[in-house]
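Full structure from sequences and hints, please.
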Amino acid sequence: MADPVQPSNIAVAVATSALKAEQSRMRVIAENLANADSTAQTPGGDPYRRQVPVFTPTTVDGAKGVAMTQVVADQTQFGSEYAPGHPAADPKGYVKLPNVNPMMEALDMRNAQRAYQANLSVIETAAEMDNSTLSIIKK
Amino acid sequence: MTLDDIPLFATLKSRLGYLGDRQQVIAQNVANTDTPGFTPSDLKPFTLPDAPGAAGSLPPITPTLTSPMHMAGTPASRLKSKPVLSPDSETTLDGNSVVLEEEMMRMSQSRMDYDTAVSFYQQAMTMLQTAAKRPGT
Numbered sequence: 001m002a003d004p005v006q007p008s009n010i011a012v013a014v015a016t017s018a019l020k021a022e023q024s025r026m027r028v029i030a031e032n033l034a035n036a037d038s039t040a041q042t043p044g045g046d047p048y049r050r051q052v053p054v055f056t057p058t059t060v061d062g063a064k065g066v067a068m069t070q071v072v073a074d075q076t077q078f079g080s081e082y083a084p085g086h087p088a089a090d091p092k093g094y095v096k097l098p099n100v101n102p103m104m105e106a107l108d109m110r111n112a113q114r115a116y117q118a119n120l121s122v123i124e125t126a127a128e129m130d131n132s133t134l135s136i137i138k139k
Numbered sequence: 001m002t003l004d005d006i007p008l009f010a011t012l013k014s015r016l017g018y019l020g021d022r023q024q025v026i027a028q029n030v031a032n033t034d035t036p037g038f039t040p041s042d043l044k045p046f047t048l049p050d051a052p053g054a055a056g057s058l059p060p061i062t063p064t065l066t067s068p069m070h071m072a073g074t075p076a077s078r079l080k081s082k083p084v085l086s087p088d089s090e091t092t093l094d095g096n097s098v099v100l101e102e103e104m105m106r107m108s109q110s111r112m113d114y115d116t117a118v119s120f121y122q123q124a125m126t127m128l129q130t131a132a133k134r135p136g137t
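Respectively, the protein sequence lines represent chains A and B. For the first sequence, the numbering used here begins at 1 and goes up steadily by one. For the second sequence, the numbering used here begins at 1 and goes up steadily by one.
If you are wondering where the hints come from, they were derived from the structure by calculation, not from laboratory data. All C-beta atoms in this analysis are idealised placements derived from N, C-alpha and C, irrespective of residue type, glycine included. Careful: at least some of the hints might be erroneous.
To be verified - A few chain B positions that, by computed beta-carbon distances, are all more than 12 Å from chain A:
#: 1; residue: Asp4
#: 2; residue: Gln28
#: 3; residue: Gly136
As the list claims (entries may be wrong) - Result set (DSS-like, lysine-lysine): computed pairs, CA atoms no more than 30 Å apart in a straight line:
#: 4; chain 1: B; residue 1: Lys133; chain 2: A; residue 2: Lys20
#: 5; chain 1: B; residue 1: Lys13; chain 2: A; residue 2: Lys138
#: 6; chain 1: B; residue 1: Lys44; chain 2: B; residue 2: Lys82
#: 7; chain 1: A; residue 1: Lys138; chain 2: B; residue 2: Lys133
Okay, here's the thing in structure tokens:
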């Protein structure tokens, strides 16, 4: 998909690709956090499984940008809780809980935020460099 | 005669080009801070071009397509000097060796260098103008 606005500077294009990737990662984290307590509908069924974003370098304008190419399921074990009255409880009365750890998600979110800020400051610096070049003809 | 014929301006021009390219390489590193197995790269330190029109200053070559059956091939990177792998001080468990702080330092360093080069350019320009002015004005 072509961008409606093509950044003139390659550094800006690369940083933009990273901003998009971090946004998608944020979406995945939000999904995980929102479903931290989502259990199965059927007795003994599997609950929500944590999703992990995968980042891969992609070519942007001949330079190496980044993109979230796929989202894979986290294969770690589910937790379980004794709740015989729950609709998703198995015959022994245990309900499987999602393998989402809110603490991990919070850390991931912090990481995504930091990366987002770093890429924004790359764009800012690139713009400032362009501006200082333009200042030559201002005189 | 163009400004590029004056050695100082030619040097400043290639310096500005180099710093622009470096900014692009740093942008790649920052963009891939969370890519597993990624090793950051950097440009080799700036060296003066040997002579105008030396091999390093040639634009990338693209083949001419004379038939629609020809393949365009992958265009060469637009960078003039080739980036070399330069891992930062730490490598995480997923094999990524980008340290955001170090990249930010490199970035502001090259930005400061860029500003220096630009103001140098302006100074040289003013000097030229002074020299070209009619005497007594």
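Cross-check of the supplied hints:
With a least beta-carbon separation of about 15 Å from chain A, Asp4 of chain B lies farther than 12 Å from that chain, consistent with its non-interface assignment. Residue-level check failed: Gln28 of chain B sits 4 Å from the nearest beta carbon of chain A, not beyond 12 Å. For Gly136 of chain B, the non-interface assignment is confirmed: its Cβ lies about 23 Å from the closest Cβ of chain A, beyond the 12 Å cut-off. For the suggested pair Lys133 of chain B and Lys20 of chain A, the alpha carbons sit about 52 Å apart, so the restraint of at most 30 Å is broken.
A hinted pair counts as satisfied when its Cα atoms are at most 30 Å apart, and Lys13 of chain B with Lys138 of chain A qualifies at roughly 18 Å. Using a Cα cut-off of 30 Å, the hinted pair Lys44 of chain B and Lys82 of chain B holds, with the two alpha carbons roughly 8 Å apart. Distance restraint check for Lys138 of chain A and Lys133 of chain B: the Cα-Cα separation of roughly 20 Å lies within the 30 Å cut-off, and the hinted pair is therefore satisfied.
In this structure, the earlier hints numbered 2 and 4 are contradicted, and the remaining ones agree with it.
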